[in-house]
Amino acid sequence: MRSNSDLDPTLGLRPAIIIPADLRQAPLPLQLDPEHATHVPAQRYQELYQMFGFARSYIARLYLELHERDLEIGRLWRHQSCQSSAVARLQMEVDRLRTRLEVEGFLWIPPRMRRMMMMALRPTMLHHLHPLLPGKQQLVPAGGDISWPSPF
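All residue numbers in the sequence shown are consecutive under this note's numbering, ending with 227.
The hints are simulated quantities; they were obtained by calculation from the structure and are not laboratory data. Model, not experiment: these values are computed from the prediction. Any given hint might turn out to be false.
[Unchecked claim] Beta-carbon label-pair distances, calculated as ranges:
#, residue 1, residue 2, range
1, G128, A161, 28 to 34 Å
2, R190, Y133, 32 to 38 Å
3, Q121, R150, 54 to 60 Å
4, F127, S159, 45 to 51 Å
5, V162, P186, 16 to 22 Å
6, M194, D145, 18 to 24 Å
7, L151, F129, 42 to 48 Å
8, I134, Q158, 58 to 64 Å
Positions of the beta carbon are idealized from the N, C-alpha and C atoms, including for glycine.
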């Protein structure tokens with residue numbers, strides 16, 4: 076005898092999904108009870124029976140959709156975990172290289188910070204900033220000055 080939460084192997088579902096047994100069973104054939112036939116008209120009884128069958132099949136589909144969504148959430152969590160690990164490894168490599176440059180006597184200034192510093196120092200000479208456009212990185216000797224290349 077199966078419990079209410081046993082899986083039906085004929086559905087081909089994994090054990091992770093639990094569909095109540097009463098939702099998995101095929102509906103019983105329509106039978107009118109002659110003793111109570113006077114209380115519920117046959118047409119109304121048939122309508123209710125069909126509505127109940129629809130509700131059962133709809134709930135069973137919801138269980139499947141819930142399981143698929145749970146699987147997708149699990150995949151996304153694993154992917155996010157891999158991405159986080161990759162970002163952490165890259166950040167460690169950046170820190171290692173930055174430390175190495177500083178030990179060798181170079182001060183690394185991020186391009187955005189360098190542009191902000193230059194704009195603050197020489198607001199009227201913006202045309203000299205062309206070598207410091209985004210994407211170009213410049214190493215500056217520690218304690219040294221950034222030399223301005225000639226625009227000519």
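Status of the hints after comparison with the structure:
Restraint check, G128 to A161: a C-beta distance of roughly 50 Å breaks the suggested window 28 to 34 Å. Here the CB-CB span from R190 to Y133 is close to 59 Å, at odds with the stated 32 to 38 Å. Between Q121 and R150 the beta carbons are some 44 Å apart, a value that contradicts the proposed interval 54 to 60 Å. Between F127 and S159 the beta carbons are some 48 Å apart, a value that agrees with the proposed interval 45 to 51 Å.
For the hinted restraint 16 to 22 Å between V162 and P186, the CB-CB distance of approximately 20 Å keeps it satisfied. The hinted range of 18 to 24 Å is not satisfied by M194 and D145, whose Cβ atoms lie roughly 51 Å apart. Against the hinted window of 42 to 48 Å, the Cβ-Cβ separation of L151 and F129 comes to about 32 Å, which falls outside the hint. Between I134 and Q158 the CB atoms are about 36 Å apart, so this pair departs from the stated range of 58 to 64 Å.
The structure fails hints 1, 2, 3, 6, 7 and 8 (numbered hints given earlier, in ascending order).
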